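Novice: So the sequence lines, in the order shown, correspond to chains B, E and X.
For what it's worth, my numbering labels the leading residue of the first sequence as 261, then goes sequentially.
For what it's worth, my numbering labels the leading residue of the second sequence as 254, then goes sequentially.
For what it's worth, my numbering labels the leading residue of the third sequence as 8, then goes sequentially.
Each hint should be verified, as a subset may be incorrect.
[Said to hold, decoys possible] The calculated BS3-like cross-link candidates involving lysine-lysine, where the alpha carbons are at most 30 angstroms apart (straight line), are:
{"no.": "1", "chain 1": "B", "residue 1": "Lys428", "chain 2": "X", "residue 2": "Lys61"}
{"no.": "2", "chain 1": "E", "residue 1": "Lys400", "chain 2": "X", "residue 2": "Lys14"}
{"no.": "3", "chain 1": "X", "residue 1": "Lys14", "chain 2": "E", "residue 2": "Lys342"}
{"no.": "4", "chain 1": "X", "residue 1": "Lys61", "chain 2": "B", "residue 2": "Lys393"}
{"no.": "5", "chain 1": "E", "residue 1": "Lys319", "chain 2": "X", "residue 2": "Lys178"}
{"no.": "6", "chain 1": "E", "residue 1": "Lys381", "chain 2": "E", "residue 2": "Lys454"}
[Stated by the list, open to error] Stretch-level coverage of chain X by chain E, calculated; a stretch enters the list once three of its residues show a Cβ under 8 angstroms from a Cβ in chain E:
{"no.": "7", "region": "166-179"}
{"no.": "8", "region": "185-195"}
[Stated by the list, open to error] Label pairs and their in silico Cβ distance ranges:
{"no.": "9", "chain 1": "X", "residue 1": "Gln47", "chain 2": "B", "residue 2": "Lys393", "range": "18 to 26 angstroms"}
{"no.": "10", "chain 1": "B", "residue 1": "Lys344", "chain 2": "X", "residue 2": "Phe111", "range": "51 to 59 angstroms"}
{"no.": "11", "chain 1": "E", "residue 1": "Glu404", "chain 2": "B", "residue 2": "Val563", "range": "41 to 49 angstroms"}
{"no.": "12", "chain 1": "X", "residue 1": "Leu30", "chain 2": "E", "residue 2": "Tyr401", "range": "28 to 36 angstroms"}
{"no.": "13", "chain 1": "X", "residue 1": "Ile201", "chain 2": "B", "residue 2": "Ser465", "range": "14 to 22 angstroms"}
{"no.": "14", "chain 1": "X", "residue 1": "Val24", "chain 2": "B", "residue 2": "Lys393", "range": "43 to 51 angstroms"}
If you're looking for bench data, these hints aren't it; they were derived computationally from the structure.
These numbers come from a predicted model, not from an experiment.
Quick reminder that beta carbons are idealized off the backbone N, C-alpha and C, glycines included.
Given next are the chains, with one letter for each unit.
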Amino acid sequence: MNKKKKQFNFLFYVIKRLLMIVLLFFLISTAVFFMLSFTPGDPVILMLGLEASTEQVEELREELGLNDPLLVQYWNFMKDTFLKGDLGYSYRLRTPVINEIARTLPVSASLAILAIIVSSFIAIFLGTFSAIKQYSFLDEFTKVFVLAGVSMPSFWLGLMLILIFSVKLGLFPAGGWGGGWKYYVLPVLALATNPLAVTARLSRSTMLEVIRQDFIITCRAKGLHESSVIFKHALRNAAIPVYTLIGLRFGNLLTGAVVTETIFGIPGLGRLTISAVYSRDYVLIRGCILTIALIFAIINLIVDLTCPLLDPRTKPNY
Amino acid sequence: MLKEKIKVINLRKYFKLSKEDIVHAVDGVSFNIFKDEIMGLVGESGSGKTTIGRCILSLIEPDEGKVILNEDNKNILDFSKKEMIKIRKEMQIIFQDPFSSLDPRQTVEQLISEPLRVTKFGSKKQIKERVLYLLNQINLSKEIINKYPHELDGGRCQRIGIARAIALDTVSFLVCDEPVSSLDVSSQAQVLKLIKRLREKLGLTMLFISHDLSVVRMLSQRIMVMYLGLVVEIADSNTLFNEPLHPYTKALLSAVPVLDVNRPRKKIVLKGEIHTPINVGQGCRFYNRCYTSLKKCEHISPELIETSKNHFVRCHLYNKK
Amino acid sequence: MFWKRFKRNKSAILGLVICILLLFIAIFSPLISPYDPYEQNLIEKLQSPNSNHKLGTDAYGRDMLSRIFYGAGITFLAGFLVIILALLIGTTLGVVSGYWGGLFDTIIMRSMDFLLAFPYFFLAILIVAILGPSLTNAIIAITIGSIPQFARVVRSTTLGLKELPYIEASKAMGSSDIRIMWEHIIPNLIGPIIVLGTVGIAQSIIQVATLSFLGMGAQPPIAEWGLMLSEGRNYIFSHPHLTMVPGIFLSILVLSINLIGDGLRDTLDPRLK
């Protein structure tokens, strides 16, 4: 196959995946819409409070289109979401949903990205060196750390970090946002620990496997310097499953964000979702879930597409 | 009096590998097996012998053809699930690999009793008694009843497979699919002796499939030779060995070790590789390896014809036309 | 034979011992708890660990030690139930999907893909948002999110198993599909399922505890450890033991299960060192 055809196929494949995401989003929106419409309780009363008069309730209901048959509501919802990007209006907060999401998403994103970077680098470092120097202190430490990191619930870890570094040592703020880099430290640590542990474990076992492989022995036999052997060949091979894992872990990262944001009082998307659930703000819940699902799907696509760059074996058939 | 136990008519099975590649595993095979006879079936890999065995038992669905049991003129391949239940009580199979044909997580008792439990043979006690009886029949001690396949050797496992196949006393026909090919020589002898003894005792009709002619000779009354999905020769055992007709049969026989050093033998080594059974062409399938071919062999496929009593061959050399 | 190999893994044995100890505490909690875990006693509230209350008291004067003991059972049971249900449903779907293929397979696998399209926890949040916050609903929510991983693993293992000769042998004996699935396929799935299940219990316990912590799972006055952590959060500066104690126990429980899971994995596949 010549190069032009390959590029064409690749483009075709990317477009196919994007279309699938659109389809998926469509299905998810439908599912979320219908699921939330079957919840008990009258949303209007929840919005206005129990003291509202019958006229107010009726008026609002009419305005929100809640008297229309369900399918009409569904149609309007889909039209608004897909054609106008309008995810609805939160009466409780008195702002359009999309504004709230736009406000909170960057916060969560910055936390998540930092957490990924921190956890990936430290994990690869720990995993690699503990594999190279098996049974050393570093190796044992890594193993213990991995176990702890995987077993500790992130909410407890967050609270402990606050207790130690904020209350006892006074080094970092116990929560809140918007005052510079200090507000990032503890949340990122809390968020990064679990993925760090899982990734370090994988990186270590992959590295062990790679080191024992014949081609590494060949490199050594050729007389290449030890560290160049490691860094160029072994690391590259070990990085591949780690990279895929990062993509998979991203979902967990979003999850962990919910808890971390709640504990540290950070105005992110996770905390927004939780408060929406508490206050039964269904429109907001809907918007948050859809946004998160979309981001998740896009991240997965990006990871899938970039994986073959590291490991040609994972190239899907275009 | 029942003469023909099994009648196979024009059996065809094709496997589609891809859009263009079709494997002609079994390409129009017809034969009879008489009651109480052991019919040997030999051929190399790719000849279709294994596929035939499975088609007869309806484990693989053939694309065409009929299989008739007990001369009742009904094609068992057309039978419904309910009707197949009765057939399965009569027709059974022994597999090649003794270990992978036994569920590694089941004890000997569970393994042998499965056909009994499926057909609701009787109470737990009755089933256990039958299992013990069967163990006795295959010369294994009662103590292995709770053991697992991996705790036993190949020969024992194969005998358990046999016990399982004959568990129901309604079994009258057995397909033996290379039952000794995976065993060491001493186990081979044991198992073959057992099969022979059981056949006489229980009055079984058998189709004995193998790639090893010397093994087949020991047991079979008649032998069928297959090549690339077609039968190329059928004859009585002795006739086949003493007066083989088809060039392929002759080549096979020349490779069989013989103890009589005085007998003149010339080993025939076949040139070339077996043609793939994919998309076979027009002429005789053996043409490209044949050492005595005629010009017409390249373009015309010979028919299976009877040369003398009960001796059939598919070769232009014997075609009187 | 299996035991011997398992015994060689020291940390796994440690995990098993701890786990059994905690289970023991959970089962006998009514007998060994010094106080009624639900009994409020406002005079005694917010005490640090002392001789009367070995682990102190919470904001309502309830004895922490007793609540920890009772909570052991609840916390563990929640995670355990999740996995048992997810395992049963997921295995059934996976076996049917793998063995029969065709339309079953397509429908079931597409549904699993759909479930997996949501980040795990948000799916749970969504379900709890619909059903309302309670421990039962939290369990249901996490179960639904856990089914796909079982279904997938079981399906791919089944695909491999169904080609094996002993399955063909069983068909030759006239076994029905259901019988084959029950007698031959499922018992041979146990290996991968056990490992997945054990690790899954650990994860589910954390998930349910997290939901409870956020107020979407166990509701007061249930003594679930996640909820207890959330209740103690208000007093974290003044009375840190209210958050430390349930947290430590939770971590130890999860740790012990993880150790067992690792041990099982190593025993069943010694290549992975």
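Novice: Next step is simple, just say for each hint if it's right about the structure.
Specialist: Structure-based check of each hint:
{"no.": "1", "hint": "Lys428/B / Lys61/X", "verdict": "holds, 24 angstroms"}
{"no.": "2", "hint": "Lys400/E / Lys14/X", "verdict": "holds, 24 angstroms"}
{"no.": "3", "hint": "Lys14/X / Lys342/E", "verdict": "violated, 47 angstroms"}
{"no.": "4", "hint": "Lys61/X / Lys393/B", "verdict": "violated, 44 angstroms"}
{"no.": "5", "hint": "Lys319/E / Lys178/X", "verdict": "holds, 20 angstroms"}
{"no.": "6", "hint": "Lys381/E / Lys454/E", "verdict": "holds, 22 angstroms"}
{"no.": "7", "hint": "166-179", "verdict": "holds (count 8)"}
{"no.": "8", "hint": "185-195", "verdict": "holds (count 5)"}
{"no.": "9", "hint": "Gln47/X / Lys393/B: 18 to 26 angstroms", "verdict": "violated, 55 angstroms"}
{"no.": "10", "hint": "Lys344/B / Phe111/X: 51 to 59 angstroms", "verdict": "violated, 40 angstroms"}
{"no.": "11", "hint": "Glu404/E / Val563/B: 41 to 49 angstroms", "verdict": "holds, 47 angstroms"}
{"no.": "12", "hint": "Leu30/X / Tyr401/E: 28 to 36 angstroms", "verdict": "holds, 31 angstroms"}
{"no.": "13", "hint": "Ile201/X / Ser465/B: 14 to 22 angstroms", "verdict": "holds, 20 angstroms"}
{"no.": "14", "hint": "Val24/X / Lys393/B: 43 to 51 angstroms", "verdict": "violated, 30 angstroms"}
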